[in-house]
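Each residue of the sequence shown is one higher than the last, beginning at 27 in the numbering used here.
If you are wondering where the hints come from, they were derived from the structure by calculation, not from laboratory data. Misleading hints may appear alongside valid ones.
Listed next, with one range per pair, are the computed distances between beta-carbon atoms [claimed, not checked]:
hint	residue 1	residue 2	range
1	Lys43	Leu110	21 to 29 Å
2	Ser98	Gln34	47 to 55 Å
3	Asp138	Gly41	38 to 46 Å
4	Gln34	Met136	35 to 43 Å
5	Glu127	Gly41	55 to 63 Å
6	Arg32	Phe78	32 to 40 Å
7	Gly193	Pro132	41 to 49 Å
8	Ser99	Leu73	30 to 38 Å
Note that CB positions come from ideal geometry on N, CA and C, so glycine has one too.
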Amino acid sequence: MASRGRNQQCECGSGRKTKFCCGVRSGPSQAELAKTFLGGLVTPAALVLVRFTREEIEGLHAVMIELPRLDSSLQVAVPRLVTLEVNALLDAIDDDVDALEAAVPPVVAMVDTPVERARLARAVITLRDGGRIPAPVAATALLDLASPELNTLITSGLVQSAAVLLGAARTPGGLLVAS
């Protein structure tokens, strides 16, 4: 079946031409907007960290890994569709570290999107501006989120979320979820 031309009536039945109706591209996608937002965070975050030594930045990185325990807005939701990969992650939470290290990457690949990174970045900024996260730790987290090659905060947020879901860890408010 041939597709409708831009100057023909739209298939939706509005009576308008396709180019003025459903054929109109409505602008950048959420993913494109999220990537642009994350790209704008790099320079300000780097300026905060420029005066730190490599060892100090490694220390900030270690603190950043613990951020999902501080506030639930920094946790990454476990996918609701329980696939084999998600099930392996949930099983590995109470298991040994080796099983967890093997189970995390496939699930991180499912949840690691520019939109999720931007959501986490906004949460980091809110906590920083509220005085709950020091600026250097927030800058470390924002650089991690802005770099597609890094996924430390997303991984930490996912593991913490899974642990809370299973009752293996307490919520940031101190509650233990009954599983």
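We went through each hint and held it up to the structure:
no.: 1; hint: Lys43 x Leu110: 21 to 29 Å; result: 48 Å, violated
no.: 2; hint: Ser98 x Gln34: 47 to 55 Å; result: 50 Å, holds
no.: 3; hint: Asp138 x Gly41: 38 to 46 Å; result: 43 Å, holds
no.: 4; hint: Gln34 x Met136: 35 to 43 Å; result: 40 Å, holds
no.: 5; hint: Glu127 x Gly41: 55 to 63 Å; result: 58 Å, holds
no.: 6; hint: Arg32 x Phe78: 32 to 40 Å; result: 55 Å, violated
no.: 7; hint: Gly193 x Pro132: 41 to 49 Å; result: 23 Å, violated
no.: 8; hint: Ser99 x Leu73: 30 to 38 Å; result: 25 Å, violated
Comparing the model with each earlier hint shows violations of hints 1, 6, 7, 8; every other hint is respected.
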